[in-house]
Structure formats: C-alpha cells, structure tokens
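Undergrad: Going line by line, the protein sequences match chains A and B.
Per numbering that gives the first Met the number 0: the first sequence = residues 0 to 274.
Per numbering that gives the first Met the number 0: the second sequence = residues 0 to 299.
The set of hints was computed from the structure by calculation and includes no laboratory data.
Source: prediction; values computed, not measured.
Mixed in with the good hints there might be a few duds.
Label pairs and their computed distance ranges (CB to CB) [as the list claims (entries may be wrong)]:
id	chain 1	residue 1	chain 2	residue 2	range
1	A	Asn47	B	Ile235	40 to 48 Å
2	A	Phe45	B	Val107	51 to 59 Å
3	A	Ile248	B	Asn136	19 to 27 Å
4	B	Pro88	A	Ile256	44 to 52 Å
5	B	Tyr257	A	Leu241	48 to 56 Å
6	B	Asp123	A	Lys50	52 to 60 Å
Sample of chain B residues facing chain A (criterion: CB under 7 Å; computed from the structure) [stated by the list, open to error]:
id	residue
7	Pro10
8	Leu13
9	Leu17
10	Arg75
11	Thr84
12	Val207
13	Leu259
14	Val260
15	Thr261
16	Arg273
17	His274
18	Ser275
Ideal Cβ positions, reconstructed from N, Cα and C, are used throughout, including at glycine.
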Amino acid sequence: MPHITPGQAYGFFTDTSVCIGCKACEVACKQWNELEGNEPSFLDGFDNTGKLDAENWRHVQFHDNVPDESLTTGNGKAWLMMSDVCKHCQQASCMEVCPTNAIIRTEFDSVFIQPDVCNGCRNCIAACPYDVIGASHVNGIAQKCTLCYDRLQNDMTPACAKACPTESIKFGPVSELRQTAAKRLEILHAQGVTEARLYGHDEKVYGGLNAFFLLMDRPEKYGLPDERNAVPPSRNNAGGYLTAAVTAILGVLGGLIALRHRKEKVTGAEGESDG
Amino acid sequence: MDDVQHFAGPPDWLWYILAYFFLAGLSGGSYVLATLLRLRNAPGDEPMARIGYYIAFPPMLIAPLLLALDLGQPWRFWHMMWNTTPGHPGLNFKYWSPMSIGSWALVVFGAITTVSFAASLVRDGKLRLPLVRWLDNRPFTIFGSLFGLFIAGYTGVLLSVSNQPVWSDTWALGGLFLVSGLAGSAALMLLLARYRPEARPSAGMLSVSERLYALLELALIVVFAVTLFAAGTQGIVFGLPWLVLWLVALAGLAPGLYGLVTERLSADGAAAVRHSLAVPLLVLAGVLALRAAVIFSVQV
Ligand code: SF4
Ligand code: SF4
C-alpha cells in the first residue's frame with residue numbers, strides 16, 4: 000500500500016460476504032492495543048466475546064441464519080458473520096455530546112478518544128448508536144477502536160486489517176474503499192446474491208461512515224440502525240428544551256395563581272417588605 | 000409505523016445520577032418558589048421564602064460532588080470547563096451538548112444559591128455580611144430563578160439528547176422533571192414550615208401550587224407515555240418491576256390532585272402543615288420514584 004498520508008480520510012471497508020469468523024482481527028487488535036482478555040464464555044452461536052466495549056475494539060458477530068428446513072446452503076446465508084468496529088462516523092454522535100472535547104477527529108479523519116482528556120462521564124456511551132464505546136474498569140475512561148492511530152502515524156496498516164486472512168477487512172483511503180465496495184457489490188449482484196447491500200458507504204447514515212460494510216441482510220440484523228433512524232442526538236435538543244421552557248412558563252404561572260389565592264387568606268401583616 | 004431502532008448501550012448512570020437529578024429538581028424548584036413568594040413584597044411571605052433559599056443551597060454543594068464521584072476519573076471534573084486537548088487550551092462550552100451547558104449552569108446556580116443562602120442567614124440575623132444582603136436583590140433572584148428552572152429541567156433534556164431507547168424517544172422529560180421538581184419543592188417547603196411557625200401563613204400558597212403542579216405533571220406523564228407508544232418503546236419503562244415505581248410516582252401526585260378536586264384553589268394549606276408529615280414525604284417519594292423509573296428501566 001502507498002504511504003499513509005495525514006490529511007487524507009482513511010477507514011475500513013468490511014466485506015462480510017467473505018468473513019469466515021476466524022476472529023484473527025479480534026486477536027490482532029487485542030495484542031497490538033494491549034487490551035485485556037475476556038473471561039471465556041459461550042454465548043449464542045460461536046460468539047465468545049459478546050459485544051464491543053472498552054476492551055473489545057473488534058467483535059465478530061455470528062448470526063445463525065440457517066432456515067429450519069433447507070436443502071442447500073450458500074450465498075452466505077447459513078451464517079451471517081460480521082467483524083464489527085467503530086464506524087468513525089462523519090456525524091459522530093459520541094463526539095457531538097462529549098462535554099470535555101476528549102473526542103476529536105484526527106489527521107486521518109478517524110474519531111479518537113484522547114485518553115488523558117476524557118474524564119469518564121460516559122455521555123458518549125449513551126450517544127453512540129452502535130454500542131461501540133465502553134468504560135474501562137481499569138482507568139475509568141471511555142475506550143474504543145482508534146483505527147490504530149499509533150500505527151497510522153507510523154505508516155502501518157491497522158492490526159485487524161493486516162491480520163484478516165480473507166481480506167474481509169480492507170483498509171485504505173475512504174474514497175478508494177468506496178470504489179472497491181461498489182465493484183464488489185456489482186459482482187455479487189451479478190452472481191444473483193440479491194441480498195447483498197452496502198451500509199454507510201454514502202452520506203445517508205450519519206453523514207457517511209469511514210468504516211462501512213457490505214452486509215448480507217438488513218442492517219438491523221447486525222444491530223445497525225437504518226437510514227430513517229440514523230440521526231445524531233442533537234435532533235432532540237429543540238423539542239426537549241421547548242417542552243421544558245413551556246413547562247417553566249406554566250410552572251411560574253401556576254405559582255402566581257397560587258399566590259393570588261394566598262392573598263385572600265393572609266390579610267394581616269401585609270405591607271412593604273424588606274426584600 | 001415501525002418501531003424505532005436503538006442499539007446504544009447503557010452508560011451505567013445509576014445511583015449518583017438519580018440522587019443528583021432529585022437534588023437538582025428540589026434546589027431549582029425551591030429557589031423559584033422562594034423568589035415568587037418574595038416578589039409579592041409581602042413581609043408575611045418572607046419566612047417561607049427564606050425556607051426556599053435555605054433548601055436550594057445544600058443540594059448545590061452535594062450535587063457537584065455526586066457528579067464528580069460518578070466520573071471514571073473524578074479528579075478530572077474540571078475537564079468539563081477547560082479544554083485540555085494539547086494545543087487547544089480554552090473554555091469548553093458546547094451549546095448543543097446539554098451536559099456541557101449543564102456543568103456551567105451548575106457553577107453559576109451554585110454561586111447564586113450560595114449568595115441567597117447567606118443573605119437569608121443575614122436577614123435572619125444569624126450572620127453579618129452586608130455585601131450578600133446587597134447582592135441578593137430582586138433582579139438577582141429573578142436571574143437566579145431562570146437558572147433554577149434550567150437546573151431542574153435540563154436533566155431530562157440531557158437524557159433525551161442521546162440514542163437511548165425511551166430517553167431519546169420523547170421530548171417530555173425536560174418538562175416532566177422540571178414540574179416534578181417544583182411539586183417536590185412545594186412539598187419540602189411545607190414540610191419544613193412545620194419547624195418555622197412564622198412561615199405558616201404562606202403554606203396555603205404552596206399547597207395550591209403543589210395541586211397545580213400535580214395536574215401539570217400528570218399531563219406530562221400522559222404526553223411521555225404517548226410519545227413512547229408512538230416509538231414502540233413503552234414496554235421498557237412501563238413493564239415490571241418499573242410499574243411499581245410509577246405507582247409510587249402517581250401516589251405522589253394523589254395529595255395534590257385530591258386537593259384540587261376537593262378544595263380547588265382555596266388556599267387553606269395551613270391545615271396541611273399542622274396535620275401531615277406523611278403527605279409531603281409521599282410527594283417527595285414520588286419525585287424520586289419518577290426519576291428512578293426513567294433512569295433505571297433503560298439501563299438495567
Ligand atoms: S460508531 Fe459510535 S463511537 Fe464510533 S464514531 Fe460513530 S458514534 Fe462514535
Ligand atoms: S466519557 Fe470521556 S469521551 Fe465520553 S463523553 Fe465523557 S469525557 Fe467525552
């Protein structure tokens with residue numbers, strides 16, 4: 000790959016149609032970033048990680064999609080697998096709500112939580128629509144995928160993409176990845192894989208995701224909100240404050256009405272106050 | 000309409016935040032009610048107004064502490080106000096982030112309640128500080144009340160400005176928390192008036208206002224429920240065991256609504272002060288239960 004140049008937008012294109020669920024990406028991410036291991040656990044399907052959180056910055060999802068009665072397998076239908084990660088959203092909900100400005104956009108256009116600025120208020124966790132961020136029980140701060148910021152600064156491909164044996168995770172300049180994705184979709188559709196679709200490749204979800212996906216089913220199957228629902232949290236500012244303001248006016252009016260009635264009762268000792 | 004899709008994870012805002020939301024409602028509400036009383040310019044209302052200013056202060060001492068303790072890095076609480084990003088020193092203020100505005104509002108309202116608290120001590124002859132007595136004038140307390148209304152209500156907006164189910168599906172939470180804070184403040188002031196006989200003439204005003212706030216709160220609970228039904232997330236907050244908390248919240252409205260039906264707006268609240276300790280406590284339990292139901296149901 001050519002040199003990684005600051006000032007250009009980099010990201011991931013994760014093609015789930017070729018993912019084999021080997022978890023090499025998870026392991027590579029943990030090793031490079033020195034993240035704690037999980038207690039072994041057996042969850043649904045082949046998942047022993049659970050979800051993305053402070054210690055899991057890549058997570059391979061397994062969704063059993065095998066029809067109860069089936070004669071054939073194929074078309075990626077038997078299992079849906081997807082290596083999930085921070086989407087490095089263009090309109091990042093986490094960044095929008097963070098009160099400390101700990102969450103910044105780097106010179107590679109990725110979304111990065113500065114570990115020495117974050118104070119662990121966890122507002123970003125309530126906001127991330129992809130449940131990506133977790134609070135570390137070691138240092139109390141919010142953590143998530145950094146797009147291997149330190150590796151990028153040293154001209155190295157992120158660890159997960161480097162380790163992925165099927166090239167399900169592709170790393171590169173976002174503009175190039177979008178072209179690759181469009182071609183791949185075309186091929187799959189030509190092969191009759193009609194359920195293949197891209198997610199986050201255009202600006203319809205959160206202004207575009209720098210880490211976007213080729214999916215083999217509806218987005219919500221993978222825990223991804225569809226276009227209608229992908230709106231940053233500030234959408235609720237106006238309505239929330241307006242209702243509070245109307246209530247405040249009614250509350251003061253209520254108090255004034257109550258005071259008017261109080262006047263009827265307290266007739267003595269009235270006059271100019273010292274207040 | 001399809002149900003709204005939410006995949007955000009819980010931020011684990013639990014007990015500290017519940018306590019903060021409760022205290023913020025009472026502090027802001029009491030300050031507003033105290034100011035309304037004082038604005039009438041009637042010496043008869045002054046003792047009760049001072050009760051309000053006394054109540055408004057301690058929560059503003061405790062609240063920042065609770066908020067700091069809830070942080071993963073409590074000593075970094077000041078990062079809310081000052082940007083520590085290398086190369087970008089400066090104040091942190093993001094008007095589109097309720098948490099950011101809220102931290103500033105807490106500082107300002109904390110200072111305001113401190114002045115009014117000290118001024119009440121001066122007026123009660125317990126302290127000699129002419130400066131605060133001079134500061135604590137009419138424009139000051141009106142200004143303070145605006146912040147009081149904000150502090151009591153923004154906590155609901157803060158929850159809504161997220162991608163959490165329930166919280167982000169409604170625009171009623173800010174208003175709901177505000178009015179329940181006002182109702183709780185009226186009840187708390189009535190409760191404390193038991194220990195300050197001079198304040199009792201104003202009790203009628205408080206019990207009438209509590210009735211009106213109970214009605215407004217009921218209306219907002221209905222709005223809250225309707226918005227959740229529209230989003231399809233009502234099951235999360237109105238299912239068991241949260242239903243029990245909602246029953247407590249509704250029970251807290253009962254005295255006010257009952258008073259509204261039986262006595263309308265007649266202001267005989269002095270009787271309430273004499274006879275009942277249980278009623279204001281029930282109202283306060285309702286204020287707490289409402290917030291607990293909203294905060295916990297989404298996160299447990
Ligand atoms: S996926 Fe979540 S954590 Fe990542 S940038 Fe988007 S909002 Fe932030
Ligand atoms: S936890 Fe840290 S990164 Fe997240 S919103 Fe708070 S200060 Fe910002």
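Undergrad: Are any of the numbered hints broken by this structure? If so, which, sorted upward?
TA: The structure breaks hints 1, 5, 8, 9, 13, 14, 15, 16, 17 and 18; every other hint is satisfied.
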